[in-house]
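Participant: Sequence:
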Amino acid sequence: MVGNKKSNGNQIIYLCLGLLLTIMGIYLNYQNILNGEFPNALMLLALGINQLLLACLSPHIFPRDERAKEIMGKAMTINYYVLFISILVLFLAIGPFGFLTLDATQVLIVLFCIMAITIPGTMVIYSKII
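In terms of the working numbering, the sequence shown opens at residue 1 and continues consecutively.
Some hints here could point you the wrong way.
Said to hold, decoys possible - In silico DSS-like links for lysine-lysine, alpha-carbon gap of 30 Å or less:
(1) Lys128 / Lys5
(2) Lys5 / Lys74
(3) Lys74 / Lys128
(4) Lys128 / Lys69
(5) Lys5 / Lys69
The hints are simulated quantities; they were obtained by calculation from the structure and are not laboratory data.
Construct the entire structure; sequences and hints are all you get.
Facilitator: Set out below in structure tokens:
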């Protein structure tokens, strides 16, 4: 019962923060996306989506049992490969093929956003499967 209350409290906090950050991220990135520029506040949008995914995931990972450990372990294994594939794609897109022009800070922002979304995203998928 106590774990359920903690899970519900965390879920409400994640949901409120996720909605706030997503709305702010859309508002701040809207003009840059329309102009075809790199969105300056892309991390806000990624963190908002991260919080919304954690709101869906909260009931599954806060009772720290074997199922939660299995969900986190499998998700981290998949994210290990996602990180290397995204680094490879960014390297090829910026380097030899050159159809993207990003500076180092923008590349790090893109990698952060990929990881901030895929970690809870894969956990949500595994929580539905397991």
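Participant: Report the numbers of all earlier hints that the structure fails to satisfy, in ascending order.
Facilitator: none
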